[in-house]
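Trainee: Please take these sequences and the hints and turn them into a complete structure.
As they're listed, the protein sequences go chains B and L. Residue 46 in full-length UniProt numbering is what sits at position 46 of the first sequence, and the numbering runs on without skipping anything. Residue 145 in full-length UniProt numbering is what sits at position 145 of the second sequence, and the numbering runs on without skipping anything.
Note that these hints are calculated values from the structure, not bench results. Mixed in with the good hints, there may be bad ones.
[Said to hold, decoys possible] Derived lysine-lysine pairs resembling DSBU-like cross-links, with alpha carbons at most 35 Å apart:
id, chain 1, residue 1, chain 2, residue 2
1, B, LYS331, L, LYS19
2, B, LYS261, L, LYS19
3, L, LYS312, L, LYS338
4, L, LYS19, B, LYS19
5, L, LYS338, B, LYS338
Here the structure is a predicted model, which means the values were calculated and not measured.
There are 2 protein chains.
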Amino acid sequence: MAVSVTIDDVAAHAGVSIKTVSRVVNREANVSEKTRNKVMAAIEALNYRPNQAARGLAGRRSYLIGVVYDNISPNYLINLQSGMIETCHAASYGLALCPVAYAETGLVEHVMAWVRHSQVDGVLLTPPLTDCAPLLVALEKAGVPVVLVSSLGAGQVPAVVIDEVEAARQMTLHLIALGHTEIGFIKGPAAHSASQSRYEGFKAALAGAGIAINGAYVVEGRFDFDSGEIAAQRLLKGKRPTAIFASNDDMAAGVLHAAHKLGIAIPEALAVVGFDDTPISRQVWPSLTTIRQPIREMGNHAADLLLQLIAKKVLVEDGSSMVFQHGFELKVRGSSQKTSI
Amino acid sequence: MAVSVTIDDVAAHAGVSIKTVSRVVNREANVSEKTRNKVMAAIEALNYRPNQAARGLAGRRSYLIGVVYDNISPNYLINLQSGMIETCHAASYGLALCPVAYAETGLVEHVMAWVRHSQVDGVLLTPPLTDCAPLLVALEKAGVPVVLVSSLGAGQVPAVVIDEVEAARQMTLHLIALGHTEIGFIKGPAAHSASQSRYEGFKAALAGAGIAINGAYVVEGRFDFDSGEIAAQRLLKGKRPTAIFASNDDMAAGVLHAAHKLGIAIPEALAVVGFDDTPISRQVWPSLTTIRQPIREMGNHAADLLLQLIAKKVLVEDGSSMVFQHGFELKVRGSSQKTSI
DNA sequence: TTGAAAGCGCTAACAC
DNA sequence: GTGTTAGCGCTTTCAA
Chain B
1 MAVSVTIDDV AAHAGVSIKT VSRVVNREAN VSEKTRNKVM AAIEALNYRP
51 NQAARGLAGR RSYLIGVVYD NISPNYLINL QSGMIETCHA ASYGLALCPV
101 AYAETGLVEH VMAWVRHSQV DGVLLTPPLT DCAPLLVALE KAGVPVVLVS
151 SLGAGQVPAV VIDEVEAARQ MTLHLIALGH TEIGFIKGPA AHSASQSRYE
201 GFKAALAGAG IAINGAYVVE GRFDFDSGEI AAQRLLKGKR PTAIFASNDD
251 MAAGVLHAAH KLGIAIPEAL AVVGFDDTPI SRQVWPSLTT IRQPIREMGN
301 HAADLLLQLI AKKVLVEDGS SMVFQHGFEL KVRGSSQKTS I
Chain L
1 MAVSVTIDDV AAHAGVSIKT VSRVVNREAN VSEKTRNKVM AAIEALNYRP
51 NQAARGLAGR RSYLIGVVYD NISPNYLINL QSGMIETCHA ASYGLALCPV
101 AYAETGLVEH VMAWVRHSQV DGVLLTPPLT DCAPLLVALE KAGVPVVLVS
151 SLGAGQVPAV VIDEVEAARQ MTLHLIALGH TEIGFIKGPA AHSASQSRYE
201 GFKAALAGAG IAINGAYVVE GRFDFDSGEI AAQRLLKGKR PTAIFASNDD
251 MAAGVLHAAH KLGIAIPEAL AVVGFDDTPI SRQVWPSLTT IRQPIREMGN
301 HAADLLLQLI AKKVLVEDGS SMVFQHGFEL KVRGSSQKTS I
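Mentor: Written out as structure tokens, the structure is:
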């Protein structure tokens with residue numbers, strides 16, 4: 001870390017006090033246009049960059065926000081991370097990573113120890129950690145600002161989401177429009193709120209179309225490839241559905257794998273659809289019909305929200321909702337109807 | 001960032017000076033066993049965690065190392081990241097991320113600006129950035145310690161790698177052992193050193209088996225799925241090879257996609273193999289024969305090496321080589337020979 | 001083997 | 001609108 005030019009150098013160069021430089025750097029009010037320009041010029045001329053350690057020490061902050069995640073889907077995560085980094089960087093903040101295993105014992109203690117150790121100013125929570133109520137309580141008690149991604153959570157925690165229920169409903173309507181009435185559904189783990197929402201949307205579409213739901217066609221997976229394959233093996237035994245809606249792409253890819261093994265033609269003998277539009281959806285054969293979420297933008301938004309919370313520019317008030325909904329898109333590909341891909 | 005207990009509290013509790021506490025925390029020599037124990041007990045009792053900002057300010061370091069990467073393969077990256085984070089965390093260091101696009105103009109300036117701004121104490125470079133000579137020069141000139149991952153680079157830069165040539169050679173021998181003599185090869189981008197090494201291994205195996213190389217069967221891709229598919233379309237037109245070795249899994253998956261479209265049976269009519277053992281290799285149909293690298297462990301090792309370089313426990317001396325080779329593993333699956341997967 | 005003093009570069013609180 | 005002063009919590013330097 002080669003830092004040489006300090007705030008004193010800039011102040012001297014601009015002929016002002018260090019406090020004024022500090023004001024300009026931190027975009028505070030009460031600096032005349034003229035002074036600001038002088039200081040900016042000095043910063044430019046000297047190529048000055050504030051020392052984060054000194055800022056943090058004096059300001060009692062770390063200029064760091066954390067993301068806690070369970071590595072379920074690398075594609076989802078990397079995209080989310082880049083969105084978050086982009087926003088953090090623009091605000092001279094850093095992003096600290098806390099990878100965990102959702103199922104591990106002592107999860108809450110692990111995360112809280114990390115929060116204390118890394119001294120982050122706030123925390124972004126991704127699914128399924130968004131659904132861990134004890135963790136939310138512990139963070140709240142510790143006074144750490146939190147923003148949830150892709151999940152509503154419980155209570156008043158700010159969140160950046162898509163309308164999962166509506167997305168799943170539209171996906172189901174797509175299958176119904178293709179003539180399917182015998183539709184299998186692979187749920188995610190019960191503990192994930194996304195599992196519930198997607199299943200709800202599925203049920204709503206069926207109900208709307210007057211199609212009775214067949215309990216034997218609904219099974220549960222773990223959101224990963226293997227569990228999708230296993231679930232499909234159960235669904236495809238004996239009398240079977242003509243379409244399967246898997247709650248995410250990884251499981252849908254597992255369904256394709258199982259169908260291939262059984263020699264079932266896709267989409268002629270079986271339509272398969274997923275959710276998330278991860279790269280795997282385009283890399284399997286045939287490509288998966290799925291739902292695209294603007295993940296990177298959601299990462300931007302979540303980080304931005306958290307920074308505002310930290311700066312107390314936005315306050316979480318009792319009774320006010322801080323849920324921000326992003327749009328989604330139905331991507332129709334070869335796994336549900338004959339196309340060129 | 002709720003930090004309350006400071007080094008003074010610990011010193012008071014243990015009945016020593018703050019310097020002694022500092023010595024214990026930093027594992028310095030010249031502290032008696034008895035004093036050390038007293039201090040450790042106090043740290044434990046008060047649940048003390050050193051303030052990174054203060055450490056950084058006083059010690060003129062950021063306690064941060066950076067990874068620069070182009071998001072080519074999320075799976076590879078997430079695994080590498082977790083390895084690096086693990087090691088960093090154990091050393092009370094943080095990991096800062098710098099995502100870039102290898103092809104962008106002003107890449108070197110971008111990275112150097114980030115290095116100055118984030119004030120990292122050292123940098124880890126992943127492929128293909130390891131092959132960007134101007135960047136290596138700029139980092140060296142700035143006096144920033146660097147470690148390369150998965151690439152030899154040029155000159156004396158420390159690196160953590162696998163023997164790519166040998167791995168590609170063994171993969172090719174596997175195909176030859178299955179009876180193939182007409183083998184197609186999809187290279188990676190010429191600018192990546194991995195592309196060269198893997199191709200070399202391929203050629204070495206053919207030469208060793210007395211098989212002449214057919215120039216028409218060697219094409220170049222960009223290490224991504226789409227380029228693999230396009231390359232396969234070319235290779236599979238007219239007289240075609242009986243096996244295709246793609247230099248990474250993403251391209252191999254693209255080959256499978258193309259073969260499926262053309263109705264070519266895998267592995268009966270065409271054997272396909274990849275490289276990297278990314279999750280996609282198990283998620284396509286049939287599963288891909290590939291080479292597994294211990295990515296996470298390489299992440300550990302690279303971070304560890306960089307920390308030693310920063311602490312000057314290890315020095316890069318002229319004439320000494322600092323290349324550390326990890327083992328690899330040939331994973332045989334259904335895309336090259338009939339198996340159950 | 002241990003400690004005292006100085007100061008890293010910045011922000012906060014308050015003065016002007 | 002601008003400047004002064006006093007630390008933030010630690011490592012460094014030097015002395016004991």
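Trainee: Does each hint hold? Answer for all of them.
Mentor: Now for the hints, and whether the structure bears them out:
1. B/LYS331 to L/LYS19: Outside the cut-off at roughly 62 Å; violated.
2. B/LYS261 to L/LYS19: It is violated: about 67 Å lies between the C-alpha atoms, which goes past 35 Å.
3. L/LYS312 to L/LYS338: This hinted pair is violated, its Cα atoms lying about 52 Å apart.
4. L/LYS19 to B/LYS19: Cα-Cα ~32 Å, so holds.
5. L/LYS338 to B/LYS338: holds (29 Å)
In summary, the numbered hints that this structure violates are 1, 2, 3.
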